[in-house]
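Number of protein chains: 4
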Amino acid sequence: MKRPGTRPRAVFLLATLKHKRSGQEFSHTETLAEVVIECLKAEDVQCEMIRLVDYDIPAGTKSNMGKGDDWPRILEKILASDIIVFATPIWWGIQSSLMQRVIERLDELHNEILETGKSRLTNKVGGIVITGEEDGEQHITGNIANFLLNMGVTLPPHCSLSYQGSYARATKNSLGKKFSEENADGAEKMARNLAFFARLLTENNIPAS
Amino acid sequence: MKRPGTRPRAVFLLATLKHKRSGQEFSHTETLAEVVIECLKAEDVQCEMIRLVDYDIPAGTKSNMGKGDDWPRILEKILASDIIVFATPIWWGIQSSLMQRVIERLDELHNEILETGKSRLTNKVGGIVITGEEDGEQHITGNIANFLLNMGVTLPPHCSLSYQGSYARATKNSLGKKFSEENADGAEKMARNLAFFARLLTENNIPAS
Amino acid sequence: MKRPGTRPRAVFLLATLKHKRSGQEFSHTETLAEVVIECLKAEDVQCEMIRLVDYDIPAGTKSNMGKGDDWPRILEKILASDIIVFATPIWWGIQSSLMQRVIERLDELHNEILETGKSRLTNKVGGIVITGEEDGEQHITGNIANFLLNMGVTLPPHCSLSYQGSYARATKNSLGKKFSEENADGAEKMARNLAFFARLLTENNIPAS
Amino acid sequence: MKRPGTRPRAVFLLATLKHKRSGQEFSHTETLAEVVIECLKAEDVQCEMIRLVDYDIPAGTKSNMGKGDDWPRILEKILASDIIVFATPIWWGIQSSLMQRVIERLDELHNEILETGKSRLTNKVGGIVITGEEDGEQHITGNIANFLLNMGVTLPPHCSLSYQGSYARATKNSLGKKFSEENADGAEKMARNLAFFARLLTENNIPAS
Numbered sequence: 563m564k565r566p567g568t569r570p571r572a573v574f575l576l577a578t579l580k581h582k583r584s585g586q587e588f589s590h591t592e593t594l595a596e597v598v599i600e601c602l603k604a605e606d607v608q609c610e611m612i613r614l615v616d617y618d619i620p621a622g623t624k625s626n627m628g629k630g631d632d633w634p635r636i637l638e639k640i641l642a643s644d645i646i647v648f649a650t651p652i653w654w655g656i657q658s659s660l661m662q663r664v665i666e667r668l669d670e671l672h673n674e675i676l677e678t679g680k681s682r683l684t685n686k687v688g689g690i691v692i693t694g695e696e697d698g699e700q701h702i703t704g705n706i707a708n709f710l711l712n713m714g715v716t717l718p719p720h721c722s723l724s725y726q727g728s729y730a731r732a733t734k735n736s737l738g739k740k741f742s743e744e745n746a747d748g749a750e751k752m753a754r755n756l757a758f759f760a761r762l763l764t765e766n767n768i769p770a771s
Numbered sequence: 563m564k565r566p567g568t569r570p571r572a573v574f575l576l577a578t579l580k581h582k583r584s585g586q587e588f589s590h591t592e593t594l595a596e597v598v599i600e601c602l603k604a605e606d607v608q609c610e611m612i613r614l615v616d617y618d619i620p621a622g623t624k625s626n627m628g629k630g631d632d633w634p635r636i637l638e639k640i641l642a643s644d645i646i647v648f649a650t651p652i653w654w655g656i657q658s659s660l661m662q663r664v665i666e667r668l669d670e671l672h673n674e675i676l677e678t679g680k681s682r683l684t685n686k687v688g689g690i691v692i693t694g695e696e697d698g699e700q701h702i703t704g705n706i707a708n709f710l711l712n713m714g715v716t717l718p719p720h721c722s723l724s725y726q727g728s729y730a731r732a733t734k735n736s737l738g739k740k741f742s743e744e745n746a747d748g749a750e751k752m753a754r755n756l757a758f759f760a761r762l763l764t765e766n767n768i769p770a771s
Numbered sequence: 563m564k565r566p567g568t569r570p571r572a573v574f575l576l577a578t579l580k581h582k583r584s585g586q587e588f589s590h591t592e593t594l595a596e597v598v599i600e601c602l603k604a605e606d607v608q609c610e611m612i613r614l615v616d617y618d619i620p621a622g623t624k625s626n627m628g629k630g631d632d633w634p635r636i637l638e639k640i641l642a643s644d645i646i647v648f649a650t651p652i653w654w655g656i657q658s659s660l661m662q663r664v665i666e667r668l669d670e671l672h673n674e675i676l677e678t679g680k681s682r683l684t685n686k687v688g689g690i691v692i693t694g695e696e697d698g699e700q701h702i703t704g705n706i707a708n709f710l711l712n713m714g715v716t717l718p719p720h721c722s723l724s725y726q727g728s729y730a731r732a733t734k735n736s737l738g739k740k741f742s743e744e745n746a747d748g749a750e751k752m753a754r755n756l757a758f759f760a761r762l763l764t765e766n767n768i769p770a771s
Numbered sequence: 563m564k565r566p567g568t569r570p571r572a573v574f575l576l577a578t579l580k581h582k583r584s585g586q587e588f589s590h591t592e593t594l595a596e597v598v599i600e601c602l603k604a605e606d607v608q609c610e611m612i613r614l615v616d617y618d619i620p621a622g623t624k625s626n627m628g629k630g631d632d633w634p635r636i637l638e639k640i641l642a643s644d645i646i647v648f649a650t651p652i653w654w655g656i657q658s659s660l661m662q663r664v665i666e667r668l669d670e671l672h673n674e675i676l677e678t679g680k681s682r683l684t685n686k687v688g689g690i691v692i693t694g695e696e697d698g699e700q701h702i703t704g705n706i707a708n709f710l711l712n713m714g715v716t717l718p719p720h721c722s723l724s725y726q727g728s729y730a731r732a733t734k735n736s737l738g739k740k741f742s743e744e745n746a747d748g749a750e751k752m753a754r755n756l757a758f759f760a761r762l763l764t765e766n767n768i769p770a771s
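Protein sequences appear in the order of chains U, A, F and Z. Under the numbering used here, the first residue of the first sequence is numbered 563, with each subsequent residue one higher. Under the numbering used here, the first residue of the second sequence is numbered 563, with each subsequent residue one higher. Under the numbering used here, the first residue of the third sequence is numbered 563, with each subsequent residue one higher. Under the numbering used here, the first residue of the fourth sequence is numbered 563, with each subsequent residue one higher.
One chain only, chain U, in its complex shape (with noise of 0.2 Å):
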C-alpha cells in the first residue's frame, strides 16, 4: 500500500489519431493535456503522457494479448499511478478509436471486480480531457466517466476538461498559449481537485468489501 505523504503520480492516456513519430502536425489534445500537466506539477504531482498511437496494442479484451503486445506495460504505469486521466478527441460524437481500445483492454480488470468483489483501481483518482471542433464533449466525458466508476476509479468533482473550435492555422506554441489562457481556470481546478482527492485516498483508503 501507498505511504501517506508520497508525490502522487499521474499517467495520461493520450489517444490522438496523429502520429508523433510521422512527423504529423501536432495534436490538439496533447496540448491541452499538457496544460493540465503544467497545474498538476504545481500541485507536486509526477506526470507521465503515453501516446497510444506510438504503440501496438492489438485488439482485444486480454491483458495480455502475447507477442508483440505493448499493453502490458502500458498496463503496469497504470497500475503504478494515483491519478489516471482519459485524453481523447472526438470523431463523429465518439471518443478515438485509440480511447476506445484502451477500455476494451482493461476490461479483464472488470472481469476480476466481478469475480472478486475487489478492483485494482480502488483508491486511484480519474480525469478525463477532450478536444473536438463543435462536436459536443459531454457524451463522452460521460462514456469514460460511466467506464471509470464501474472499474473504482474515484471522480472529483470537475475532473474533466475540454476545448472545441477550429485552429487550422495555429502552431503548437500559439495553441498552446491560447489554450493556457483560455483553460486557465478550468485546468487549475482540475488538476487542484485531482491531487487533493489523490492525497485524501492515499491517507483514507476506501473501506474493502
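Source of the hints: derived by calculation from the structure; they are not laboratory data. One thing to keep in mind: the hints can contain errors.
Straight-line distance between alpha carbons at most 16 Å, and here's what the computed EDC-like set of lysine to aspartate or glutamate pairs gives [said to hold, decoys possible]:
id, chain 1, residue 1, chain 2, residue 2
1, U, Lys680, A, Glu587
2, Z, Lys580, U, Glu670
3, U, Lys624, Z, Glu670
4, A, Lys680, U, Glu750
5, Z, Lys624, Z, Glu587
With chain U held as given, fit chains A, F and Z onto it using these hints.
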C-alpha cells in the same frame, strides 16, 4: 458548514412516469431505489425519496419559475442533503423527461458556478439508479455522471446501480424481493461508498478555488 | 392512402423551453426551424410548427392520458403529416425534456408495431433540427434517429441540421438572417431530401410485412 | 451509374474483436449478421462480410495511410456496394474500436462532401447489427445512424437489428439457430427494407445538389 459527526442525509429524485396518486402500477425504479435506501439506512444515513411525477415542475432553466412551481422546495431539500441520487427509468435510450427536467431546472446553479467559481453542491456525493428493459443504462449513467461532475458533485466508485429486464407479472413485493437478492452486492457497495465519501468530505472539505 | 401528386405536409415539433405566451426571449431552435420551413415551402411542402411548451402534455406513455391532455390533437397532426421534424435545444448533452416527453408519449404507437408488425408512421419521412452552445448535437441526432427508425420512419441523407454557438445579444431578426446565410446549403439540402423522399414514398409505398 | 435491374450488393463491415485466424471462440455479432445475410439473399441481394480484425487498418483519418494499409481495398468494396451494414459488438456502451476506426477512416470522404457538396455514398442504403450483454444498443445504433446520414447514406425504417444476452455455453450452431428463430421477424423486415430501398434508389436517384 456541516458539523462532522452528524448523520448524513440522502435525497432520492425519483423520475418514474408512473403517477402514485392515480393508483397506477408500481414503479420498477422506485422499487430498486428502495433497495439502495435500505442499504444506506444500514450505513446510518437518513433518506428521503421525492416522486417527481406528483409535483408540478414547469419547463424552464431557472430555480424558480413563479406561481405554482413546486421546484423551489425540492431544491431546498437537495441543498440540505449530503448525498443526491438520481433515479430514473429509461425511455428510448434516455433518462425520463422528468429526470431531464431536474437537470434543466438545476441549470441556474451551474450559471452560478460559471460566475463565482463556487458550487452550492460542493462536498456533496452523487449516486445513480436506473431501470429499463434491455435498453442500456451505461450511456445514461454517463449523461448523469457528466452533469453531476460539472455541478461540483463527487462521484465515488460503483455509485450507480441498474436493473434491466421485464417483469410484467411481478408484484411490488415480489420485485422488491428479487431486486434485494440479485442486487445485494451492488446496492451494499454503492451505499457503503456513498456513506464513506459523504463522511469523508464532511470532515475534509474540498479546498475552495 | 395518400393520393400521389398531393402537396406533402410537414409538422415541426418544437421543444424549446421558452414560453411564447410569457413574452420570453426568442428561441434559437424555433429560428433555425423557420429557416428549414422556408426551404420546404420552396419545395412546395405545407408546414406547421407546434410549440410544445405552450401545450399541456402530461408525463406518461399512452396516446391519451385523459382529461386536460393536449397530446391527442398533436398526435392527429403527426399522423396526418408526410414529414415529421423533431426540433430541440440541447440541455446537458440531451434533447430537452419536452422533446423526450414526445418520445415517451409516442411509445404506445411502438407497442402497436410490436403487436401488429405495422407502424402508423410508415411511409413518413423524418427530420431533425438542433441548437446548442457547443454542446454537441451528433449524439442527440443519433438518439432521435434511432427512435424514428424504430418507429417505422424513413431517414433521408442529410436530414438533420444544427447550429451551435452563443448569440446572447442577437435579436430574432439578426439571428434568423445569420442562420439563413450560414446554413443555406444545409437547410436546402435537408429540405430537398425530405421533400424528395416524401413524394417518392407516396408513389412507392414500402411493402407491408 | 448503376443500371436498374441489377442485383443489389451488400457489404457487411464486421467489427468483432475476435480473431478468426487465431482459432478464438466464434463471434456473436458475426452470427447475428449471418442471419441478416440469409434474409438478404432471399431478397436476391449479393452479400459479402469483411472481418475487420483480420486486416491491418492503421489509425488515421485518410483513405490511404500508406504502405501496409489494408483499408483502400476495403473502401473499394464499400464504394461498389448498394447496401452498407455496420456490424459491431458493444464494449462499455460504445461500438468496438474496430467499428470506430472504420468511421475515422471514412472521414476523408466526409471532407469531400464538405468541399463538393456531393457524397460518394449517395443512393446507398445503410444497416446496423449490434450484439451485447445487456449493454444497450439504442445509443450505439444512434451514433452510427448519425454518421451514416451525414455521409449521405439513406436509412430505411427498421434498418437495425440487435441481440442482447449472454450465451457463454452456446456453440456457433446453437446460437445461429437461436438467433434465426428469435430474430426472424426483425431480420426479415430489415432485409426487406434494405433491399426495397436499394432498388428504389437505383431507379430513382436522389437529385444532386
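* Hint numbers the structure violates, sorted upward? -> Those not satisfied are hints 1, 3 and 5.
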